[in-house]
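If you're matching them up, the sequences are chains A and B in order. Under our numbering, the first sequence has 291 at position 291, and the numbering climbs by one with no breaks. Under our numbering, the second sequence has 210 at position 210, and the numbering climbs by one with no breaks.
Any given hint could turn out to be false.
[Said to hold, decoys possible] Here are the simulated distance ranges between beta carbons:
(1) 142(A) - 268(B): 28 to 38 Å
(2) 46(B) - 234(A): 54 to 64 Å
(3) 10(B) - 26(A): 42 to 52 Å
(4) 323(A) - 103(B): 46 to 56 Å
(5) 183(A) - 141(B): 39 to 49 Å
For the record, the hints were derived by calculation from the structure and aren't laboratory data. Keep in mind it's a predicted model, so treat the numbers as computed, not measured. All residues carry an ideal CB built from backbone N, CA and C; glycine is no exception.
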Amino acid sequence: MRLLLKSAPLFAVASQFLFALQAAGQTTVVVQTWGGAFTDALQEVRPDVEKATATKIEFVTQANSVAGLQRLEAQKAKPQVDLWMTADATAAVALASGIIEPVMAAQVPNMQYVPDKLLFPAGPTIWSSPRGIFYRKDKTPFEIKTWEDLWDPRLRGLITTTIDQDKGVFIMIAALINGGNERNIDKGFEKLKALKPNLGPIYKADAESLKLIQAGEVAVAGYGVLGVVYKLLGPGSNYRFVMPAKPQFMSVNLITMVKGRSNKAEAAKVMNAILSADIQERIVENLGSIPSNRNAKAPARIRDVIPPLGDLFTPDWDYVNAHYGEWVERWNREILAR
Amino acid sequence: MQSAIPKGRNGTAFLLLIPGVLVVAVFLAGLAITGTTSLSDGHGNWSFRQYERFLSDSFYLNYLWRSFRVAAYCTPITLLLGYPFAYVMARSSRPVRLALTLVLVVQFFTSYIVRTYALILILGNNGIINRSLLVLGVLDRPLPLLFRELGVAISLVLVPLPFMIFPIYSVLKNIRPNLEIAAASLGANRFKVFWFVTFPLSLPGVFAGMVLVFLFDLTAYIMPGMLGGGYFNMVANFIQEQAMAVLDKPFACAISIVLLLVTLPILYAINALGARMSAAGT
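Looking at chain A on its own, in the form it has when it is part of the complex (with noise of 0.2 Å):
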């Protein structure tokens, strides 16, 4: 027993040296994504993707996903980042660029359960997030229901809205609804300055949209993210989140191959252990999103939430991505000039 007792700690540290070689041997696979609800979301699976790669995971976060491109670009010459987690649109920039390159349905095989059209040429879909309007019910005249409702004159002075988000998807509406799209883009603008007399401040980042009506300055977020309200949404709850047809948009995020990395094969690991249908169930109950792996489930608040899904609008990112420059310059001289 005394040598028992004795011995104990020469084990304790045997057991720590062996774990720390084990830990050493393995290899670290480094994801970018966006801090936050997203980091938190994916710390809370990482012990489940780590035990089921034999890795180790790294995160590194994004202000956004612009800010990660230009990271990522910063670091082209010797790449720093394994998987990066990014919006549909600035992927678009990334592959083109050479940042990111293909992945290979082969090296990811719970790819086979995204549906095609979520599976796109920079990478497979990792979660998709429901755009929408949201508002409080108790602060707005009438309910909401489409997107012409935003234009109603008894909202005069209470929507919050942006074109940062999702590259000026809420421009591209209004020219939808005013019988334009993105190639047609004036339609949007000639609808935009109609609108002008019902907008209040314009928020950047999409948190802002919520502390904007939280604070009591806007009612409305004419052109809202699902997973910034979600967990206030239920029975009892002022807030009401309406995703509005014709047309339908949600923001599709991928997750991506960074190009130049060795460890290759033990990020698409990672990659897929992230797709799997449990580890999607528990990353989206967190963010109010919808999982792309057929078999996963939405969150229960969300199919509350959301109507049964149309055909969606699906920008042409490329088109976008040349022309945005255009719609900012545009967006502040015809619409926030006073």
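With chain A's structure known, arrange chain B on it following the hints.
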């Protein structure tokens, strides 16, 4: 001629210089990259196109003008608020001084975003000021303070206050009390003692604070972004938008270089004026 550094310590002094040299080198490298990027036409060719584009469009120039204008009037207002605070700090008892310092330090180390959001809760339609005035019957509808120049200007006075107060305080604290006592003993009243003795001696702190606050206001990004509501963006917001949203880095770099080139002579003038007035005061 004898060296200021004792023999044998040259090596140590050289080592101590390394961090400073590194900082300067990184700063200059960043500036060089910004400068060269600004000279790209966006297609890999050298060109002044980005500068021409910025300088020939009054809509773009307005961002620059707006930033200088706001910084120019917010800085003296910050001085008017900051100087009395620094004076009270310097002349008060130790417990009061500690309490005031604590207030400033807490504000200083609170994130700009939190402080700016707090201002929304104070100045907003539903904020403390408007609600109080509505309850008191002074107003019958909220006074629009936010999402326009006024809200941004209020934040650019309040948020950088510590940058004004600390330099002035450090100078005031080191003014020898004998000088003020001597002036008073020669018949000067309290105002004259302050105006002819204390204030001139505190000018180095005043100008240091003005330079810091002017630069802070000129390059402000978070406050105009959040409190301007998109309708009162300043030059830093415009640069950020071009670099991070539009991805037009050459244009963003050109605006940054123009901002730097226009700022440098102004800073030089403030410093020169400060040096002259401080010399005259002492």
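Here is how each hint holds up against the structure:
1. 142(A) - 268(B): 28 to 38 Å: 59 Å, violated
2. 46(B) - 234(A): 54 to 64 Å: 59 Å, holds
3. 10(B) - 26(A): 42 to 52 Å: Holds: the Cβ-Cβ distance is about 49 Å, inside 42 to 52 Å.
4. 323(A) - 103(B): 46 to 56 Å: Roughly 50 Å apart at Cβ, these two residues keep to the hinted range, so it holds.
5. 183(A) - 141(B): 39 to 49 Å: With Cβ atoms ~44 Å apart, the hint holds.
This entry does not satisfy hint 1, going by the numbered hints stated previously; all others are met.
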